[in-house]
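Residues per chain, in single letters:
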Amino acid sequence: MGVSIEVTSLNAWYGTNHTLLDITLHIAANEATALIGPSGCGKSTFVRCLNRMHETNPIARVTGEVKVGGQDIYSQTSAVEVRRRIGMVFQRPNPFPTMSIYDNVASGLRLNGFRNRRVLDEVVERSLQHAALWEEVKDDLKRKSGASLSGGQQQRLCIARALAVDPEVLLMDEPASALDPVSTAKIEDLIFQLKVQYTIVIVTHNMQQAARVAERTGFFLNGKLIEFDSTHKIFTNPSDKRTEDYITGRFG
Amino acid sequence: MASALAVLATVLVIAPLVAIFIDLVYKGASSLDLNFFTKIPAPVGETGGGMANSIVGSGVLLGLASLLGIPVGIAAGIYLAEYGRGTKLSTVVRFTADVLNGVPSIVMGIAVYALIVAPMKGFSAFAGGVALGIMMVPTVARTTEEMLLMVPHSIREAALGLGVPTWRAMLSITLKTAMPGVITGCMLAFARVAGETAPLLFTAFGNQFWSTNLNQPISALPLQIYVYALSPYDEWHRLAWAGSLVLIALIVIAVSLVRYVTSRGVLKGAS
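If you're matching them up, the sequences are chains A and B in order.
Take the position in the first sequence, starting the count at 1, then add 662; the result is the number in the working numbering.
Take the position in the second sequence, starting the count at 1, then add 11; the result is the number in the working numbering.
The following block holds chain B by itself, in its conformation from the complex (with noise of 0.2 Å):
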């Protein structure tokens, strides 16, 4: 009985994930070809056209976040298992990761406009990175917390027996033990704010053209998929599939390329 309700609880947990592969394949399959991972968007009333800035886009803005958003939560989830434990400032850290991991992203775009949009005077790609790069911070932090608490005390007194000063035990020893879980929380925020829209639409804009320059507005594929989504046309909304249906292959890419090149390298027996 209670195996046949874990069944069923793990089918109802995985059946809406492969509806919405399934569908995603179904409606964008058919629209993908070389000219869209190569080609601008088309102009109204063309056919043809691709995502290609729309990809590169996302490519500079999830950069631009990671870059941004992981070292300072890894800091930040350092500084809370490791420095702050039983201290005020850590007890208000914790709290504002949380609060922070639940805010809107739309309110996420919004402040980040009124910082950096707003002053300086124009829609950029840095700014989209910024927006993103924030939203990661909180994930990151806490799985970081998390696994370094879960490094077991005799591995860090081992180091510091060996006459190993505190601040290399901690990098070298304990935060390497708990590397592997600190890669999948980068991986969670990561995939997480791949697809964001929402936190874009006031900082990076969107762009119908080629532009890598942090300063302009840039495209980026959730933004494009909005935008086709919401167009009156078939052929757009054919190319929306087909967006949707690269994004999430990109995630999913860079996911298992991260976890094959972390996983490289660990030992036989190696717990």
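Just chain A, same shape as in the assembly (with noise of 0.2 Å):
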């Protein structure tokens, strides 16, 4: 199951460069929540710090809380722990070439030393149906490169390969960006069931997507959380001047 993510007075600073200004929200249990707002609003980092991905550059640094159901990830565990409870998919579908289909969706586990073929069989397959891929590559699960497949199956084959670990949070950092509309709308109608069972956070230049598969939306601007509320409320009825001036094209 899902759970929900606390996060309170956070910032994050790239070198000298203050990225991430004081946010504090709430993001809710099986619930899908977008991140929208123009480039280098900070909504990347945002999720980045959501499962210390951030650290993997030498010179991010981050203060305040983040709490993953309860838990501070920055206090009480290590980033490795983190990234195994909190999947992430990137921007651009990140297949590894060298591994078959299977193999990509197995390595999560196989490369934290879990070896049983049963489990790993199932695991596998659990996981490409959850991703609505397992009907387009089952007859070429072993044969065929992870990289052979087409973008909008190599970016359900890299859900897959989150969702292999058995995640409580799915980050997905613009996973549609880079994608033809067909895949899009596949990607979008996924994100729908994945909420039942996960808690996911979306960050998306894409308006239409955030009001079309999210709950709650917020609203990033120049590093700050400018607005934090329903996304029908967002859309429709924003309380601050520059959320409605970005959502209806003014800006952005």
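Certain hints may be false.
As the list claims (entries may be wrong) - The calculated DSS-like cross-link candidates involving lysine-lysine, where the alpha carbons are at most 27 Å apart (straight line), are:
(1) K804/A - K187/B
(2) K50/B - K38/B
(3) K729/A - K857/A
(4) K806/A - K187/B
(5) K50/B - K800/A
(6) K903/A - K848/A
These aren't lab readings, by the way, just hints derived from the structure by calculation.
From these two lone chains plus the hints, build me the complex, please.
Here's what the structure looks like:
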């Protein structure tokens, strides 16, 4: 099941560049939360702070508190542990090019030392089914490389790979921005189904997408969270002038 | 015009190789027989004899060199690409590797003579292997570094995002993705030292008899070719040609074999 995320006074820096200013918000369990805003507003940095991926950049620094399911991910656990609980799907599909479809999905478990063949088979099938890819690839699981799939299929493969380690939260950083409309629609359908089991945070440039898939939406601007409310409220009756300007296309 | 120049350049590159090969086959093939691969060199004045001990000796020396040079080289390459980026030490390591690559091989032989042969009071296969191994390190290290840097950042992120420890992601994902290129680097280094004579003169020394003892002088194809080519006998000259042909053939076979073995299991559509 998904868990809620409690973010309190989160600040982030890249070198001397203060990219996130005092973000506080509550992400509800088993909902899709969309983060919108112009390029460089900090929304990607924000999701990367939720699974400590920003730490892979040596000049990045963070203060504040992020509690996932009640546990402070910065003080009470390790980055590796956090990333196992909080899966991530990136902007560009990034399957492991030397691995088969099967090995891609199994990689998270295998790289953590899991070897039971029967269980791996089950997990791979279930994850691919959850990612709505099973029917398309079931005959080529071990024969084809993950890189041989189409862009949309690759992205669903990456979702399956993230689901295989059984996370509680799925972070999606503009998961459909490199995809065609048909593939995008498939990913959006998928988000609807995945909400039942996971908490989803999706960063998107596409406001229609946010309106379609998310219960709640946050608007970021210049590293600040300007407004966070139900998606309906944000898109029909925003309280902040800047939110209104952005969603009506006056800037950004 | 441009394509004509390109064709001309290609011919100029290929021509020497083809010419050498034809010459080798022409002068060497006639002296190749079963004896060449099964017998040790005949004493002066007797005819016949072969280079069996040199072929095995080259195998021992190259095996030893690879065992030493490839792991050290790959480890250094990993350090340069993954851990030492931007550090002073990595600059020093990179510079040292490039200089080492340019050190004349005879100097390498003398250095290993001073470091190993003199203290151990004798020429040895071990010293020869070390000399060749050291020569492999810079090539392997620099190719490994370059190949690792070519692995897209997104692939590393994918691995880390799955909750895989950094070292594990490094070995199982990044290095594995770069492996074909790394193997090419190892093969290049291998092929280069396989033909080295100078570093072996002061280390492995050469041996007219059977020996696989690492503490004793050992024969090697390039050494034997060198000795035979300098000799005044026609018979030995012919054997030197045959030895050269075998040396080149063995290198080609070894490299092709590694390529074949490592290319198996590559999947449909893998990039």
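Right, here's what the structure says about each hint:
1. K804/A - K187/B: Within the cut-off at roughly 18 Å; holds.
2. K50/B - K38/B: 20 Å, holds
3. K729/A - K857/A: 20 Å, holds
4. K806/A - K187/B: 17 Å, holds
5. K50/B - K800/A: 58 Å, violated
6. K903/A - K848/A: At roughly 33 Å apart (the allowed maximum being 27 Å), K848/A and K903/A break the hint.
In this structure, the hints that do not hold are numbers 5 and 6, in rising order.
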